[in-house]
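Construct the complete structure from the given sequences, taking the supplied hints into account.
One point on numbering: in UniProt numbering, the residue at position 140 of the sequence shown is 140, and numbering is uninterrupted.
In case anyone wonders, no lab produced these hints; they're calculated from the structure.
Since we're looking at a predicted model, the values are computed, not measured.
Do not rely on the hints blindly, as some may be mistaken.
Quick list of in silico lysine to aspartate or glutamate cross-link-like pairs, EDC-like style, CA-CA up to 16 Å [as the list claims (entries may be wrong)]:
1) 115 - 151
2) 174 - 108
3) 131 - 151
4) 131 - 153
5) 174 - 102
6) 158 - 125
7) 174 - 103
8) 174 - 110
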Amino acid sequence: MAEERAEALQMELENCREKLEESTLDLQLMRAEMEAGGNIQHPYSASEGATGYEMRQMQQQNARMRDTLLSRTKEKLSSRVEELEAQVADLREQVDAALGAEEMTIMDRDSTINKFRELVHKMTESYNELKAQADSKVGPREGGCVETIVDRDSTINKFRELVHKMTESYNELKAQADSKEGGCVETIMDRDSTINKFRELVHIMTESYNELKAQADSKGTFSREPRVTGAAELGSLVAASRACTRSVDLQLRALELTQARARADMLAACLPEHFMHTAAMRYVSMWSTALDTCSPDLLVRCASALPDALQQPSDRTQELGQLHESISTSSSALQQQLKGIRRRLPPGALLSAVPLDPQVPSNI
1 MAEERAEALQ MELENCREKL EESTLDLQLM RAEMEAGGNI QHPYSASEGA
51 TGYEMRQMQQ QNARMRDTLL SRTKEKLSSR VEELEAQVAD LREQVDAALG
101 AEEMTIMDRD STINKFRELV HKMTESYNEL KAQADSKVGP REGGCVETIV
151 DRDSTINKFR ELVHKMTESY NELKAQADSK EGGCVETIMD RDSTINKFRE
201 LVHIMTESYN ELKAQADSKG TFSREPRVTG AAELGSLVAA SRACTRSVDL
251 QLRALELTQA RARADMLAAC LPEHFMHTAA MRYVSMWSTA LDTCSPDLLV
301 RCASALPDAL QQPSDRTQEL GQLHESISTS SSALQQQLKG IRRRLPPGAL
351 LSAVPLDPQV PSNI
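As structure tokens, this is what we get:
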């Protein structure tokens with residue numbers, strides 16, 4: 001081992017010496033060219049202005065590019081080989097599973113055949129025994145011989161029926177084994193066809209993606225300005241819709257406040273004046289106690305004695321109508337503005353990118 005190691009090291013040393021001599025010779029040539037001004041033309045250069053130093057640089061670049069190309073090609077081929085090996089492993093597993101199923105079917109068939117043979121052997125032995133007994137009893141016992149013959153015939157018929165059933169079961173098992181083997185082959189063929197279809201689909205989708213990307217790059221410069229203007233209009237419209245919503249909310253709150261005040265005035269009209277004073281908690285408790293002690297009939301008679309509030313003139317219905325009319329007009333105006341902006345938007349613009357109410361784009 002030591003001698004082989006020494007020989008290998010000696011060969012490496014000789015190779016290193018040869019490389020060192022070549023590098024020294026190249027260095028001397030380069031120094032000579034640089035001392036001569038670098039204008040010495042290489043004898044194998046195709047162009048007139050290429051010097052030996054430039055030729056060596058180009059050769060080194062070619063060598064590096066060749067190594068890079070080989071490494072890239074090796075990586076691609078290795079990845080492809082790994083994929084193919086994985087596919088081969090999957091196919092081998094499927095084939096092994098199919099072979100295992102076939103072997104199990106064959107074993108079941110063989111065991112059934114062996115059982116059938118044993119049964120045939122037993123039936124043959126019983127038949128021979130019965131035949132021997134019949135031959136030995138042929139003289140004085142004719143009636144017993146007739147019975148023995150009848151039993152023998154019935155036994156033979158049963159034996160034939162059993163043979164027929166065993167033959168049918170054997171044929172069924174054989175057909176099942178053949179169908180399982182054909183199913184495994186069809187499964188492997190279907191898998192290969194599916195893989196080919198998937199590859200074709202990937203190729204078609206890649207081509208369509210490249211075409212769409214090229215179209216998007218070509219149309220990207222034309223569709224930026226309309227989107228910006230459409231986004232600005234949508235922003236202003238959103239601000240206007242928020243202001244309108246805020247004004248409607250304020251109007252509703254004002255209406256609720258007026259209704260609460262009217263309700264308080266109606267309640268105060270039914271109570272004495274000193275009930276609203278600060279030191280009138282005793283009257284409040286007395287009033288609540290009196291209400292609790294009153295019967296429902298008495299409360300109904302007292303309420304019927306009061307004037308009907310529905311017959312009194314009130315502006316509540318008119319105020320509600322005006323508020324409803326203002327809300328409907330503002331919402332219709334906003335909807336018309338949204339439709340106008342939607343018509344001016346480019347085809348690829350999305351309203352989901354703008355902070356709008358989710359129900360607004362669906363109503364346009």
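Hints, verified against the model:
1. 115 - 151: With a Cα-Cα distance of about 24 Å, the restraint between residue 115 and residue 151 is violated, given a limit of 16 Å.
2. 174 - 108: Holds, at roughly 10 Å.
3. 131 - 151: Within the cut-off at roughly 11 Å; holds.
4. 131 - 153: holds (11 Å)
5. 174 - 102: holds (10 Å)
6. 158 - 125: Status holds; Cα separation ~15 Å.
7. 174 - 103: Given pair residue 174, residue 103 holds - Cα atoms ~12 Å apart, limit 16 Å.
8. 174 - 110: holds (11 Å)
Going down the numbered hints, you'll see the structure goes against just number 1.
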